[in-house]
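Sequence order for the protein chains is A and B. Here the first sequence is numbered in our numbering, starting from 4 and rising by one per residue. Here the second sequence is numbered in our numbering, starting from 4 and rising by one per residue.
Take the hints with a grain of salt, since some may be wrong.
Note that the list lumps identical chains together, so a pair holds whenever it fits in one copy or between two copies.
[As the list claims (entries may be wrong)] Lysine to aspartate or glutamate pairs mimicking EDC-like chemistry, simulated, CA-CA at most 16 Å apart:
| # | residue 1 | residue 2 |
| --- | --- | --- |
| 1 | Lys292 | Glu150 |
| 2 | Lys226 | Asp291 |
| 3 | Lys78 | Glu187 |
| 4 | Lys144 | Glu83 |
| 5 | Lys204 | Asp227 |
| 6 | Lys146 | Glu131 |
Simulated from the structure, these hints should not be mistaken for lab results.
Number of protein chains: 2
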Amino acid sequence: QQQENTPTAQQDPLPSWNENNTKHAIITYVEEITDKNSGNFIPELDRIATFDNDGTLWSEQPIYFQLFFAMDRVKAMADEHPDWKNKQPFKAVLDNNRQELMKQGEKGILEIVMNTHAGMTTEEFEKEVKNWVATAEHPIKKKRYTELVYQPMLELLQYLRANGFKTFIVSGGGVDFMRPWVEEVYGIPRDQVVGSTIQVKYDYNNGKPVVRKLAEIDYIDDKDGKPECIHKYIGRKPVFAAGNSDGDLQMLRWADANPYKSFQLYVHHTDSTREWAYDRQSHIGQFDKGLDEAKEKNWTLVDMKNDWKVVYPFDK
Amino acid sequence: QQQENTPTAQQDPLPSWNENNTKHAIITYVEEITDKNSGNFIPELDRIATFDNDGTLWSEQPIYFQLFFAMDRVKAMADEHPDWKNKQPFKAVLDNNRQELMKQGEKGILEIVMNTHAGMTTEEFEKEVKNWVATAEHPIKKKRYTELVYQPMLELLQYLRANGFKTFIVSGGGVDFMRPWVEEVYGIPRDQVVGSTIQVKYDYNNGKPVVRKLAEIDYIDDKDGKPECIHKYIGRKPVFAAGNSDGDLQMLRWADANPYKSFQLYVHHTDSTREWAYDRQSHIGQFDKGLDEAKEKNWTLVDMKNDWKVVYPFDK
Ligand SMILES: [Ca+2]
Ligand SMILES: [Ca+2]
């Protein structure tokens, strides 16, 4: 957590952000809380920044990317499970019925993930995720999923770290699904990833210890679960929290309750051309109460269409 | 996690360690795995070091220090709970019956902690721990508990960090009991503390969000729980693991299974004069199977009496 690459006046730390209020609000905040002479100075250990993942750091349409992963697993294993043809949520996967699948939410994803991976060791699971990330293609964008991360948010993560922040992911997605690629893609170490978890069991396995995944949910890191997991895993209230949906509202409120001056950022999906436009009515990333509260409390709303020069790294 | 304070040839990174095999084994290992030209070089992100706390970083006799804390709480609350006089484990506390208490183990401690803290917010609990740590005195050593940390281990933590290791605590003790003081005492950030947990519940509380402690155990981070929690919280196998009892054996085996060259260190309590001497028969920190396996596998055994020049910082 050293201050390296401290931006000089000549360098723009957020080149993919338009010169709008949003960018200025971020930079003003960071400059203020890192200034020892400011009344709002925050010591480095307290500079905790938490980021939601789906819809905040990468896209989540037409369905959560982890669900594509889980669907691919179900299809690959379908022959061994003839009963899945008539059993939800597997039936929806085999029928390619995304509408039905979306209704299952993050719990449904975890259920599919659990059932397709129970008994697997954590190392086998990791190998599978890595292989999928390296080969699978987004059905609409025709890109690798990890290419569909937001360039402006990558710059924001880097900018915060360069200013002594410790950056964390706090996502409803499965932690084991994120860890294999977040270091390379976001520059966030594995242990700084908080997410939903499936129970695991250590097995000595004749002198070759393994940790196996069970078919039981441990914790859903969404809504109330976010501040609970932040307490459990990080042990300190964030001063900077970023999300995109009502599932992040509790996390943003938690940061807002920090005695230090805090920053709440909501990514509003307003760009139907370069990305997707959705908010109050969406099944994925519903943003309704959060949108109202952001306006009421003057939290920072990223207007994707107008605030971002480019969306994805390959657009640069 | 930058490499600062890199030790030069002139500086001794472990001045409180005698020039014995143990010290040389540690230094040889660190020099080898940080040398890019060595076949055993380990990239920085993989330099994960996990340390047990009780009996490994600080003393644990005559009973776990957290139990003294819990006992003080029980005594302070006894008037409100007349039934505790006849109910274990509270009766043992009120009778000052340590023998009985020790039998309860880490689960008993958590039970007392839970019952004396249920309903409290995490912030109230933190304040209480900080106050206790600042004022309570060890009944035999007549020192603050946080003065009873091992000077040679503080140097080891610092030496590893200076060589690009990320240092974690992985303890059977309660995580909320450790976090308030570990940063100052060990230089380990709160989010790098893994321990036993009590369930918590987020409460919006009329616009003042809090996280409250419940009277339910979430997870015991001991024995099999250690590699399970390492997977859950850190997401990467350690290359360096240190413990002092049979409760750490699974963690050391987990590090031993790392494809990178790993280091297993067991602190053997052999010093009845400066600290305490105990191993195979002890109720606290029983070290029996682990001692056999350490010898069988040539893991590094710290002989406290002969390997450490000083035990506590105040002995320097
Ligand atoms: Ca989201
Ligand atoms: Ca111990």
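(message) For a quick check of understanding: which of the numbered hints are violated here, in increasing order?
(response) 1, 3, 4, 6
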